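Position chains B and C against the provided structure of chain A, taking the given hints into account.
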Amino acid sequence: MAEPILSVRNLQTYFRPDEGIVRAVDGASFDLYPGRTLGIVGESGCGKSVTARSILRIVDRPGKVEGGEIVLRRHDGRLVDIVGLDESGAEMRDIRGGEIGYVFQEPMSSLSAFYTIGNQVMEAIHLHKRVTEKEARDRAIELLHLVGIPRPEQRVDSYSFELSGGLRQRVMIALALAAEPRILIADEPTTALDVTTQAQILELIRKIQEERKLAVVLITHDMGVIAEMADAVSVMYLGKIVESGPVDEIFHAPKHPYTQALLRSIPSVLAEPRSRLATISGSIPHPYARPPGCTFNPRCGNFMPGKCDQAPPPATTLSADHEVRCFLYGEGVAT
Amino acid sequence: MSEAAKADTPFVTAAEEKVAAATQLQLTWWRFRKHRVAVISGIVVIFFYLMALFADFLAVTGPHSTDAARSYIPPQAIHWFDQDGSFKPHVYALKGRRDMRTFKLVYAPDPSDRRYLKLFAEGYSYTFLGLFETNRHLLGLDRGVPEDALFLLGTDQLGRDVWSRLMLATRTSLSIGLIGVALSLFLGILLGGVSGLYGGVIDTAIQRLIEILRSIPTIPLWMGLAAALPSDWSVTQVYIAITVIISLIGWTELARVVRGRFLALREEDFVTAAELAGASRLRIIFRHMVPSFLSHIIAAVSLALPAMIISETTLSFLGLGLRPPAISWGVLLQDAQNLQAIAIAPWLLLVAVPVVIVILAFNFLGDGLRDAADPYG
Amino acid sequence: MNSGNPVLSVEGLKKYFPIRRGILRRLVGNVKAVDDVSFAIGKGETLSLVGESGCGKTTTSRCILRAVQPTAGAIRFGTEDGRTVDVSGLSRTELRPLRRQMQMIFQDPYSSLNPRMTIADIIGEPLLVNGIGDLNARRRRVAELLDVVQLPLAYMNRFPHAFSGGQRQRIGIARALALNPALIVADEPVSALDVSVQAQIINLLLELQDRIGLSYLFVAHDLSVVKHVSHRVAVMYVGRIVELASTDALFNTPRHPYTEALLSAVPVPDPRKRAKRIVLAGEVADPSRVPSGCAFHPRCRYAVERCKVEVPTLQPVEGGGMVSCHRAKDLSLSGVAAPV
Chain A
1 MAEPILSVRN LQTYFRPDEG IVRAVDGASF DLYPGRTLGI VGESGCGKSV TARSILRIVD
61 RPGKVEGGEI VLRRHDGRLV DIVGLDESGA EMRDIRGGEI GYVFQEPMSS LSAFYTIGNQ
121 VMEAIHLHKR VTEKEARDRA IELLHLVGIP RPEQRVDSYS FELSGGLRQR VMIALALAAE
181 PRILIADEPT TALDVTTQAQ ILELIRKIQE ERKLAVVLIT HDMGVIAEMA DAVSVMYLGK
241 IVESGPVDEI FHAPKHPYTQ ALLRSIPSVL AEPRSRLATI SGSIPHPYAR PPGCTFNPRC
301 GNFMPGKCDQ APPPATTLSA DHEVRCFLYG EGVAT
Chain B
1001 MSEAAKADTP FVTAAEEKVA AATQLQLTWW RFRKHRVAVI SGIVVIFFYL MALFADFLAV
1061 TGPHSTDAAR SYIPPQAIHW FDQDGSFKPH VYALKGRRDM RTFKLVYAPD PSDRRYLKLF
1121 AEGYSYTFLG LFETNRHLLG LDRGVPEDAL FLLGTDQLGR DVWSRLMLAT RTSLSIGLIG
1181 VALSLFLGIL LGGVSGLYGG VIDTAIQRLI EILRSIPTIP LWMGLAAALP SDWSVTQVYI
1241 AITVIISLIG WTELARVVRG RFLALREEDF VTAAELAGAS RLRIIFRHMV PSFLSHIIAA
1301 VSLALPAMII SETTLSFLGL GLRPPAISWG VLLQDAQNLQ AIAIAPWLLL VAVPVVIVIL
1361 AFNFLGDGLR DAADPYG
Chain C
2001 MNSGNPVLSV EGLKKYFPIR RGILRRLVGN VKAVDDVSFA IGKGETLSLV GESGCGKTTT
2061 SRCILRAVQP TAGAIRFGTE DGRTVDVSGL SRTELRPLRR QMQMIFQDPY SSLNPRMTIA
2121 DIIGEPLLVN GIGDLNARRR RVAELLDVVQ LPLAYMNRFP HAFSGGQRQR IGIARALALN
2181 PALIVADEPV SALDVSVQAQ IINLLLELQD RIGLSYLFVA HDLSVVKHVS HRVAVMYVGR
2241 IVELASTDAL FNTPRHPYTE ALLSAVPVPD PRKRAKRIVL AGEVADPSRV PSGCAFHPRC
2301 RYAVERCKVE VPTLQPVEGG GMVSCHRAKD LSLSGVAAPV
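Taken in order, these protein sequences are the chains called A, B and C. Quick note, the first sequence lines up with residues 1 to 335 if you use this note's numbering. Quick note, the second sequence lines up with residues 1001 to 1377 if you use this note's numbering. Quick note, the third sequence lines up with residues 2001 to 2340 if you use this note's numbering.
Just chain A, same shape as in the assembly (with noise of 0.2 Å):
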């Protein structure tokens, strides 16, 4: 496979409130490839979103990298760790949105009421393009056109509360591809959204990865999304990427048991009516309140008694890049 574009190692982003420390992301690691999707899919509070902002350095105070490295391949073939660099300096900010666009869940706040969508997208061209105003309407009727905006012409010039959500979540990606990124962050994109508008929107993303050869990070809690979108999966529990591999062994033959109980316990349109669903017990702790050692072992079935509950159980590498962090494989074979 060709050389990743984007590699997280051992990514630590700790929350430092009054009340203690909240390890959202704690230490987690993947690579990203060319025109390839990565799936990083998890529970509320798993640090999923964390991991987005902090690949962006937009984590929000008090929250803080604080180890590991993000190495960037640039579109020069420069290798840069974004951990180094400086949170609003000038290469950040050329990053942002000029090497790594991102998509939220909510459009609504992330778009201005005050300007017109192509006011916006017009601002992020020009931020990272010299293009005359006349170039940059240009660029921004095409990229609406892209992203499936019916008369691109005249709804430049609306505004974001005339548009619907999905219209509206057009519009973010359009944004986000406004400086021809190579990486796409995607976070709960079709969260928001109607079934119907999600089943639009995600055949969008795909389509323009193709286009472009982007290589996109799509952040879910749906594991259906997931199934549908990505080649490669993380899941992630509290902080910790328990498993990561290629999206057909994830959900064929899951090794974790928490992806072996999330899959079981998740409704399908192809179940049986009224079938009664696997459920994993209790529910997920308090971030104040991690459980020592793995921290899943309050709700795992093959809960080992002075194993699991003493030290984090190490990585292990079951095949070339098929990962887990579990006690039940291979004892103690770190990476």
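Derived by calculation from the structure, the hints in this document are not laboratory data. Treat the hints with caution; some may be incorrect.
Stated by the list, open to error - Simulated restraints on C-beta separations:
#1 A:D81 with C:A2067: 41 to 47 Å
#2 C:A2143 with A:E19: 56 to 62 Å
#3 C:R2272 with B:P1291: 51 to 57 Å
#4 A:K213 with B:R1031: 25 to 31 Å
#5 A:Q310 with C:A2137: 23 to 29 Å
Claimed, not checked - Non-contacting residues of chain C with respect to chain B, defined by C-beta distances greater than 10 Å in every case (computed):
#6 F2017
#7 Q2209
#8 V2309
Since the model is a prediction, treat every value here as computed from it, not as a measurement. In this text, a Cβ means the ideal position worked out from N, Cα and C, and glycines have one as well.
The following block gives chains B and C in isolation, referenced to the frame of chain A:
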């Protein structure tokens, strides 16, 4: 069936159980405690209200006793140790003499005439907390009457002791704030509640009334109302009238807060749930809605209080509010209004210090309460 | 299921929200949030209302609970003593004794519990306001209910802030059960929960139904969840029911093009089943400007001339379902089992 229950119980420590079963009041208090400035401000506010409560006890001389021979005495130095070095706070008696060039009275301390300070000394008689007659005061002198020799903050033109007058002024000003807010609160909750609960025409009418009241510039409104007060009214009557005038504006803000909360809460799911359970309207209001915004009200009140106090001070300073012989901060500051008085007796401006302290303390306290009030927010 | 009198039958339910403009608040039109909806729910049955945002499913459920006053139509409840009462026109006081029959589970487990009340007070409130039992009896009933929803009794004196979303939803369910209602309206009861907790709540709802013969009106947008809880499903589009059928029939052999598209759009949690989706063009119609004829025709790939002019009505089809489509007889649509 109990599988889920079991897994839900694991790490419950005693401390967590304490938080889990904590009432709203406790949570608010825990949060408030962390806001250090607000806590200190709270203590300051309590201190001032205690001062107001025991104003007569803290005063040393009768606030109305005048003597032209004691006019404009500057604040006095207290000597803490006696000649033999023992701790015996005392002041020197003053000897007044007229400077024949300026015709100004100048006072010289007389080191030979020492007056020792005494706790729980006898002075003018007053009614303690409205309970019984007494003439004991916190401070006094071992011999002679304090009127003649004890001037902690100096005296004014008529020879009245500024310290004693400040104590009584604090009582008036702070109590006007409290009563004014109580009145605004009553009007605010009543009209705001009716407005938010019933909506429709009543709501529109009350909202327009509030807008009209708020659009009138306050000072001319006060001036007009104050000018309408009959000049032969007694001090008490004027006091009550001024309180009513001030709270006439104050209630509008509170009414808006209450209405806003009612409107927001009407849409809350837990209110719908209570309605579906068959709870009566009264129960929904008093069990579900009012407790939810009580904390907001307390915060709003602690922010409204300083505004009331400032209003009274402003009115009285302009000569539109309380008038002598009533004593309030505004009345005292009025004495310091003319340039001559300030040039000769700058200590008269000291009255502004407690005003600033109290207003600041109330604002910090209000901020702290507002932040702490919504422990779930 | 479906034995004897229905617990609830709704006929011709309409809810219009007037649109007023200008200073004189002149009526310029109506948002037809619910437009002529009819269905019935039998004892022990779950009927799901599904559809996308703005389709009127939530307004329908609120009308039934009379949290919203319906514009027209009948809402008939079968009471415990076998009578049938139309609640659509009852006043607040007349309604109160009937409230016991129908309770609700809310979507948001955070705003549905009063943060100022203990769990015991929250669950016990329906008992208290209806004057059922004394303090001790109520306390016992609360304990019983906590057991039913699988929460430890020790939690009784805690406040809601100490609980996770899933636990709060259990508390909400316990409160809904307190008065032994015949019908529970569940408005998106699991959509705010984490995946691993969703399953617990779905199973609990199924278990309760089997144990006490509850009827559910289940309002949801997630078809996967709907498949796991429903006996029958009604699909709504812009204020109307377009198809009503048994769960099996609806998912396997949908009869309405909108149902087909909806099913096709659901992502299946299996990468080997990545299929070509039917991607609907455009957006859900605005209920204040409903298209002429069949409201779905501008997005329908099977639409013919007739669909633009004539409003279809809900007609029975073979197999027991009802569908509102002019072409129902000549279309053969695909469900979830077969690839498109």
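**Request:** Using the Cβ atoms, figure out if A:K213 sits within 25 to 31 Å of B:R1031.
**Result:** For A:K213 and B:R1031 the Cβ distance comes to about 52 Å; the hint is violated.
**Supplied distance hint 23 to 29 Å, evaluated on CB atoms of A:Q310 and C:A2137** = violated, 48 Å
**Asked** Beyond 10 Å from chain B, beta-carbon-wise, is C:Q2209?
**Response** Consistent with the label, C:Q2209 stays out of reach of chain B, its closest Cβ about 15 Å off (over 10 Å).
**Request:** Decide, holds or violated, for the assertion that all CB atoms of chain B are farther than 10 Å from the CB of C:V2309.
**Result:** holds, 40 Å
**Request:** Test the statement that C:F2017 is away from the interface with chain B: the closest C-beta pair must be farther apart than 10 Å.
**Result:** Consistent with the label, C:F2017 stays out of reach of chain B, its closest Cβ about 16 Å off (over 10 Å).
**Request:** Please test the hint of 51 to 57 Å on the beta carbon pair from C:R2272 and B:P1291.
**Result:** Cβ of C:R2272 to Cβ of B:P1291: about 55 Å, so the range 51 to 57 Å holds.
**Supplied distance hint 41 to 47 Å, evaluated on CB atoms of A:D81 and C:A2067** = violated, 56 Å
**Pairwise beta carbon distance, C:A2143 to A:E19, judged against the given window 56 to 62 Å** = violated, 33 Å
Checked against the numbered hints above, the structure breaks hints 1, 2, 4, 5 and satisfies the rest.
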